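**Student:** Given next are the chains, with one letter for each unit.
There are 2 protein chains.
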Amino acid sequence: MHALKVTRAEDFPEWYQAVVREADMAELSPTRGCMIIKAWGMGFWERIQGELDRKIKETGHENYYFPLLIPLSFFAKEAEHVEGFAKEMAVVTHHRLKSIDGELKPDPEAELSEPLIIRPTSETIIGDAFSRWIKSYRDLPLKLNQWCNIMRWEMRTRLFLRTAEFLWQEGHTAHADEADARAETALALEIYRQVAEDFLAIPVIPGEKPENERFPGAVNTYSLEAMMQDGKALQASTSHYLGTNFAKAQNITYQDKDGGISHAHTTSWGMTTRMIGAAIMVHGDDDGMRTPPAAAPRQIVIVPMLRGKPEDEELKAYCHEIVAELNKLFAFGWPLRAHVDIKDARPADKRWDWVRRGAPLICEIGPRDAANGQVTFIKRNALREGEKIKSHTLPRADFIAQATGLLETAQKEMFDEAKTRLQSNIRDGFNTFADLERYYGTDDESGEFKGWARVHWSRPTGAALEEVGTRLKALKLSIRNAPSAQPASYGTCIFTGAPAVEEILIARAY
Amino acid sequence: MHALKVTRAEDFPEWYQAVVREADMAELSPTRGCMIIKAWGMGFWERIQGELDRKIKETGHENYYFPLLIPLSFFAKEAEHVEGFAKEMAVVTHHRLKSIDGELKPDPEAELSEPLIIRPTSETIIGDAFSRWIKSYRDLPLKLNQWCNIMRWEMRTRLFLRTAEFLWQEGHTAHADEADARAETALALEIYRQVAEDFLAIPVIPGEKPENERFPGAVNTYSLEAMMQDGKALQASTSHYLGTNFAKAQNITYQDKDGGISHAHTTSWGMTTRMIGAAIMVHGDDDGMRTPPAAAPRQIVIVPMLRGKPEDEELKAYCHEIVAELNKLFAFGWPLRAHVDIKDARPADKRWDWVRRGAPLICEIGPRDAANGQVTFIKRNALREGEKIKSHTLPRADFIAQATGLLETAQKEMFDEAKTRLQSNIRDGFNTFADLERYYGTDDESGEFKGWARVHWSRPTGAALEEVGTRLKALKLSIRNAPSAQPASYGTCIFTGAPAVEEILIARAY
Chain A
1 MHALKVTRAE DFPEWYQAVV READMAELSP TRGCMIIKAW GMGFWERIQG
51 ELDRKIKETG HENYYFPLLI PLSFFAKEAE HVEGFAKEMA VVTHHRLKSI
101 DGELKPDPEA ELSEPLIIRP TSETIIGDAF SRWIKSYRDL PLKLNQWCNI
151 MRWEMRTRLF LRTAEFLWQE GHTAHADEAD ARAETALALE IYRQVAEDFL
201 AIPVIPGEKP ENERFPGAVN TYSLEAMMQD GKALQASTSH YLGTNFAKAQ
251 NITYQDKDGG ISHAHTTSWG MTTRMIGAAI MVHGDDDGMR TPPAAAPRQI
301 VIVPMLRGKP EDEELKAYCH EIVAELNKLF AFGWPLRAHV DIKDARPADK
351 RWDWVRRGAP LICEIGPRDA ANGQVTFIKR NALREGEKIK SHTLPRADFI
401 AQATGLLETA QKEMFDEAKT RLQSNIRDGF NTFADLERYY GTDDESGEFK
451 GWARVHWSRP TGAALEEVGT RLKALKLSIR NAPSAQPASY GTCIFTGAPA
501 VEEILIARAY
Chain B
1 MHALKVTRAE DFPEWYQAVV READMAELSP TRGCMIIKAW GMGFWERIQG
51 ELDRKIKETG HENYYFPLLI PLSFFAKEAE HVEGFAKEMA VVTHHRLKSI
101 DGELKPDPEA ELSEPLIIRP TSETIIGDAF SRWIKSYRDL PLKLNQWCNI
151 MRWEMRTRLF LRTAEFLWQE GHTAHADEAD ARAETALALE IYRQVAEDFL
201 AIPVIPGEKP ENERFPGAVN TYSLEAMMQD GKALQASTSH YLGTNFAKAQ
251 NITYQDKDGG ISHAHTTSWG MTTRMIGAAI MVHGDDDGMR TPPAAAPRQI
301 VIVPMLRGKP EDEELKAYCH EIVAELNKLF AFGWPLRAHV DIKDARPADK
351 RWDWVRRGAP LICEIGPRDA ANGQVTFIKR NALREGEKIK SHTLPRADFI
401 AQATGLLETA QKEMFDEAKT RLQSNIRDGF NTFADLERYY GTDDESGEFK
451 GWARVHWSRP TGAALEEVGT RLKALKLSIR NAPSAQPASY GTCIFTGAPA
501 VEEILIARAY
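Residue numbers (UniProt numbering), protein chains in the order written: chain A, 1 to 510; chain B, 1 to 510.
Think of the hints as simulated: they come from the structure by calculation, not from any bench.
Remember, it's a predicted structure, so these values are computed and weren't measured experimentally.
A portion of the hints provided could be inaccurate.
All copies of an identical chain are treated as equivalent in the list; a pair is satisfied when it fits inside any one copy or across any two copies.
What the hints assert, rightly or not - Listed next, the in silico BS3-like pairs over lysine-lysine satisfying Cα-Cα at most 25 Å (straight line):
#, residue 1, residue 2
1, Lys328, Lys379
2, Lys316, Lys257
3, Lys316, Lys55
4, Lys135, Lys476
5, Lys55, Lys143
6, Lys55, Lys343
7, Lys55, Lys328
8, Lys450, Lys473
9, Lys77, Lys135
10, Lys390, Lys316
11, Lys328, Lys248
12, Lys57, Lys316
13, Lys390, Lys5
14, Lys473, Lys232
15, Lys343, Lys135
Here chain A stands alone, though its shape is the one from the complex (with noise of 0.2 Å):
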């Protein structure tokens, strides 16, 4: 009946890894951990960075590229930093093969006297250039971003949202002093708010991390959390206030109006690929990805029943006028992207790939259409009737004029569903932990939606805060942020039963 061979209720990481295969966004590579980027998946997250390096340079940024390779001995520099991260990064340690014995290995002689780390992320070596480069009052703040691939070391692998390799932009900022750093923090998380909400249609809860899931280093570490279909969390993006961590273990200091000697605030934060497989467990369905108007590759598409025949020509004419006069029309702040898919493959079976891929608008154009001047389309947001698939015909005038507007509603609806659905489950009333451990820890087998909690704790630290984290562990719990709307005043820790004071988000995640 639908598109892809597994549905969400029967098995959602296999409808996940269909949708990712049947949209033809990505795939596993022969090098381990690592994916290949397919022409859907690439030009979706082609228009994130086009989106977000919009907003990141309206904003006052500027882009810097930095080195891959990163001197071991940087990350022994900042010791909380080392801790979070030295642990699986891929290590360079020979710069030439040789073939020995007719097989081809590294050459002992060309062994480096460093090994080089690929970055995990960036802050070393770009915090190093931030000491060189900044020396006055007047060079601050300093505020650059890199788009660029980084590599974290993961035995097991998830198409976008866990592998060795991913794609991300990650800024890096310094500031004069902690009121500015905290703005960044608060500017970069809010860009993000807006690219996640109006570009990919994912509703978010801007928030704060608990201490024990800071970014190694930072005194605070933000997130964007959003909530999947199976009613799990993802983090959709961080955004950390570094405090003087990273400026004292690397000396990035400057001298102020009066000659003194201060060390820079720095703040980071970083948007990637994972945003993807958001999008897909946000918005796919049984028949596969719906991909969000805004960040559509192809917005409209257009596939000529063709039949090989000399009348083909004149249909092909007709879709092609109409692309022609759509691509001169502007939608969600970039020009409309229309195509006319006029591959060598039967008319059908194109259709349902731009269904599983998840075009927005998909037009089905017969000579029947072309001699009456119509267009006739389905949405892919709005796919079926019942079981039926549902279409829609308009005069082709019409179809080119409402064409901004179709694609901004099915865009709305996309984002009013999803919203919907994150706000009718997120649960209150948890009073004690025995209420989460009730709720959570009966039919953990099930797969049953279970949605997120909203409780209220007194934020232990140290050890505390540890045996917290361990016993949410064994709920397959944790805490997702404490959102960055708080209510007006608290009730009881469910874990101490001290007095509360805050709310916080727990949850199952990705």
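Since the structure of chain A is already known, use the hints to place chain B on it.
**Tutor:** Leaving out everything else, chain B in the frame of chain A:
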């Protein structure tokens, strides 16, 4: 007198380093052989990316992303390819660090069973994907592109020209037959010619590389050759027809219409951040970089003559209004990029910063300009009259109305200037090798501008070609390419005295 401490005439290599540094384009990093690309250099690369990516997509290619790391065994498949590349590459041997005797080291227990190579180019791993994706003639042509970082270990580095890590795009395509693959090879070279000439104002000569300069494993390699201001040649991009060599090594086959199985014909082609170095050496002058307007990150920069007084606000508003109007315009097919520099620094220092970076139009606007409703500006490509800086003044409305035209004119002037230099410095009339020796063998160390030699040859192969290479190398020369535009008839070969069959270009090169 001039903005740089060293002139082109005094010391061209030193001058080049000074431009890269003073224009804030790049610097060496603490990672040996790797560069940090700074804001103005990265902005320039982003403009090249934007233009080239648009052309690549318009001609039916889609972007993919393949793994950074390639299993060592992949390099053993195409024998000639290994021979050419298997030497200087970064080798990953471990996936974890461990603290051993208080020192971070590669964990001996985390040694990879098969070393991984940081891609020096991606034919092998993309070919492997092709062998899985291509089944039928309906899957062909398969035309894809990737933007990424690559690594080739280099001992002597020069910013943008030769570094261990650099950025590029690599196109990879598979075709049913030779004709289609050859057409693709030519198409890629033509796209590169357009980007070089129309976008970067760098005149180039397309042609075929001699047999001994082919990409390892290629049947034919084509290049664009550009002339630097010191008379040396720089290879400005390459396009390879790979025949069925890679297809045979990697089993890339398809079923044709009649059910037979054939090997696909493949191509690959690339353009790199080296183009930034080329643009500097073609367009730079003794005041720094002159950025071609089409590719300049900021095309029009306004420096308000702020004096730390209340009137500053009015002046800033005037400048911002002009920039807002300019940024509504289009130039070279993209939105125009104008900018007000309100950095906390002396206006004269800021003006010189933009001169050294080579912003095409630099406006210095003071209270008198604002009061008179006018714009005072300098054209970076025609900065001086004699030794004096030449400035221009236009009424505000005229400046805005003429802005696109001023940029287009500057672009054309820069191209024409470089084209004239190229054409007038290719020397004919070498009838024997002794002629060549006489010309290039004298004043070898004087640094005198010698340009290129256009000679006829009998296209020797194998050992005879090696000998030609050796003789040329003694004069520090090499064969650049056999231009696509060939004469109607040929004289005798300057190397062998035999009847010639081809015209080639000989030069010193980067």
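**Student:** With reference to the structure, classify each hint as holding or not holding.
**Tutor:** Each hint, compared with the structure:
1. Lys328 with Lys379: Cα proximity of Lys328 and Lys379: one copy only (21 Å, versus 34 Å across).
2. Lys316 with Lys257: between (68 Å within a copy, 24 Å between copies)
3. Lys316 with Lys55: Between copies, since 23 Å is at most 25 Å while 38 Å is not.
4. Lys135 with Lys476: neither (48 Å within a copy, 44 Å between copies)
5. Lys55 with Lys143: within (13 Å within a copy, 31 Å between copies)
6. Lys55 with Lys343: Only across copies: Lys55 and Lys343 sit 20 Å apart there, 36 Å inside one copy, limit 25 Å.
7. Lys55 with Lys328: both (23 Å within a copy, 18 Å between copies)
8. Lys450 with Lys473: within (16 Å within a copy, 73 Å between copies)
9. Lys77 with Lys135: So Lys77 and Lys135 pass the 25 Å test inside one copy only (21 Å; across, 52 Å).
10. Lys390 with Lys316: within (24 Å within a copy, 56 Å between copies)
11. Lys328 with Lys248: neither (53 Å within a copy, 44 Å between copies)
12. Lys57 with Lys316: between (40 Å within a copy, 20 Å between copies)
13. Lys390 with Lys5: within (21 Å within a copy, 71 Å between copies)
14. Lys473 with Lys232: This pair counts as within: shortest intra-copy Cα distance 14 Å, inter-copy 65 Å.
15. Lys343 with Lys135: between (58 Å within a copy, 15 Å between copies)
The structure does not agree with the numbered hints 4, 11 stated previously, though it agrees with the rest.
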